[in-house]
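**Q** The residues making up each chain are set out below.
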Amino acid sequence: MEITVNGTPLSARVPARRLLSDFLRHDLRLTGTHVGCEHGVCGACTILLEGKPVRGCLIFAVSVTGSAVTTVEGLVNNDGSLGIVQRAFHESHGLQCGFCTPGFITTIHAFLKENPHPTEEEAREAIAGNLCRCTGYQNIIKSVMRAAELIDSGVRDDH
Amino acid sequence: MKPSRFHYVRPRSIPEAVMALQRHNSKVLSGGQSLTPLLSMRLASPDVLVDINGLTELSGIELRGSDLWIGAIARHQEVLTHDLVKTHVPLIQQALAYVAHPVIRNRGTSVGSIAHADPAGELTAVAALLGARIHASGQQGPREILAADFFVGPLESSLEHGELVTGVSFPVLDATWGSSCAEVARRHGDYALAGVCALVRVLDGLIVAARISIFSVAGTPLVIDVMDVHEDPEKLNLKVQALIDPDTDIHATSDYRRQLVKTLVVQALTEARVHAELRQS
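Residue numbers (the numbering used here), protein chains in the order written: chain H, 226 to 384; chain Y, 5 to 285.
Okay, chain H solo, but in the shape it has when bound (with noise of 0.2 Å):
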């Protein structure tokens, strides 16, 4: 299969069987992508197809032959600073143990490029598919409001 992962083409060949997050984890290496419940409900693996959010757990590897995928990893800014997104979560303490943000990351960044003001009762909507077992979610809705806060300030973001 031929996919570009984190704007590097790359070509590999991998078992029909093996799902996208698998994929990324085990073949690439970049663990950046967690794998919770996999089958579809927790959202930690979510990751980027084509910029929409989808979720890693649920595609098979050579079902995305040809696309671009875009991880956690490769929201971070060219000179390895946070990009926007992780910075705000940096900044609200949107994570406690970590193991759901990859997820919330993805899912919030491909939010805001669609929704750069949110309300939010809209930040909520957005997120309901992730499950967070630390933070009750509040400084989560936090960090989108904080991101948007950035993204209005011209804070750098390369992604």
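Rather than coming from a laboratory, the hints here were simulated on the basis of the structure.
Even glycine gets a Cβ: it sits at the ideal position worked out from N, Cα and C.
You may find that some hints are simply not true.
[Unchecked claim] Computed list of chain H residues with no C-beta within reach of chain Y, every gap over 10 Å:
| hint | residue |
| --- | --- |
| 1 | Ser-236 |
| 2 | Ala-237 |
| 3 | Arg-238 |
| 4 | Cys-322 |
| 5 | Ile-366 |
[Unchecked claim] Below, computed lysine to aspartate or glutamate pairings styled on DMTMM-like, alpha-carbon distance capped at 25 Å:
| hint | chain 1 | residue 1 | chain 2 | residue 2 |
| --- | --- | --- | --- | --- |
| 6 | Y | Lys-266 | Y | Asp-122 |
| 7 | H | Lys-277 | Y | Glu-82 |
| 8 | Y | Lys-239 | Y | Asp-229 |
| 9 | Y | Lys-6 | H | Asp-252 |
| 10 | Y | Lys-6 | H | Glu-227 |
| 11 | H | Lys-277 | H | Glu-345 |
| 12 | H | Lys-277 | Y | Asp-87 |
| 13 | H | Lys-277 | Y | Glu-66 |
| 14 | H | Lys-277 | Y | Glu-61 |
| 15 | H | Lys-277 | H | Glu-347 |
[Said to hold, decoys possible] Far from chain Y, by Cβ distances over 10 Å, these chain H residues were calculated:
| hint | residue |
| --- | --- |
| 16 | Leu-253 |
| 17 | His-259 |
| 18 | Gly-305 |
| 19 | Ser-306 |
| 20 | His-315 |
| 21 | Gly-323 |
| 22 | Phe-324 |
Given the coordinates of chain H, assemble chain Y onto it according to the supplied hints.
**A** This is chain Y only, laid out in the frame that chain H set:
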């Protein structure tokens, strides 16, 4: 939680897909949002998986005569935001708003969820209520199956082995028709404990047709003509309750589901009438 081994086929045409499906224990992969968990949990172990995501001729959403056609690989999210769907069969979008989460809708397909025949599926109920036609291609060529004949049990359709669902056509509803979808789930996006789609026709301020489709309470969606009882909530409830026999499970008791249906039927019919008036104004 890994799928068992299977042979993967990525056909370049419908005939190629149909040919691949003739093999023993084959299964179609479109969005895969329902199928992949079944494979991972090994509730299903097909020998051959036929991936139709490359068949771009099946991605369309278009008017064909008096029908709205949705192709087999059109994603939920695309259907949910498509102007033709909004104008001609708004019930599809009313129901899709309840289907899973946006992230799942980015990959899952509307036609796939009908082909999957999940009794908790909102679109299954929509297809049954509207009398949609499911288009299938097999070795004998294409055929159309009425939704009423398509759904035969939970996750079971009248599709023959080796047939591929290529799309579904929904009858277009002019502005005299109003519709609604109402359901109750533990969390938004979860499977409904019970749900109701309603369709009414309003002419000169009077309801001249009314029917509902109840889902998540039986193995297949249950379509009931309620024209004779829609004005009297008591008679309406008596008619509906006599036709359902919901199961008790970990999520809800049978009695609770009956109570939900009673409330949702009235809610959906009321909303459908308002919707018709809105479309006419």
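**Q** Give a verdict on every hint.
**A** The hints, checked one at a time:
no. : hint                    : verdict
1   : Ser-236                 : holds (16 Å)
2   : Ala-237                 : holds (14 Å)
3   : Arg-238                 : holds (13 Å)
4   : Cys-322                 : holds (21 Å)
5   : Ile-366                 : holds (16 Å)
6   : Lys-266(Y) x Asp-122(Y) : holds (22 Å)
7   : Lys-277(H) x Glu-82(Y)  : holds (12 Å)
8   : Lys-239(Y) x Asp-229(Y) : holds (13 Å)
9   : Lys-6(Y) x Asp-252(H)   : holds (15 Å)
10  : Lys-6(Y) x Glu-227(H)   : holds (23 Å)
11  : Lys-277(H) x Glu-345(H) : holds (21 Å)
12  : Lys-277(H) x Asp-87(Y)  : holds (20 Å)
13  : Lys-277(H) x Glu-66(Y)  : holds (24 Å)
14  : Lys-277(H) x Glu-61(Y)  : holds (22 Å)
15  : Lys-277(H) x Glu-347(H) : holds (18 Å)
16  : Leu-253                 : holds (17 Å)
17  : His-259                 : holds (14 Å)
18  : Gly-305                 : holds (28 Å)
19  : Ser-306                 : holds (27 Å)
20  : His-315                 : holds (23 Å)
21  : Gly-323                 : holds (20 Å)
22  : Phe-324                 : holds (16 Å)
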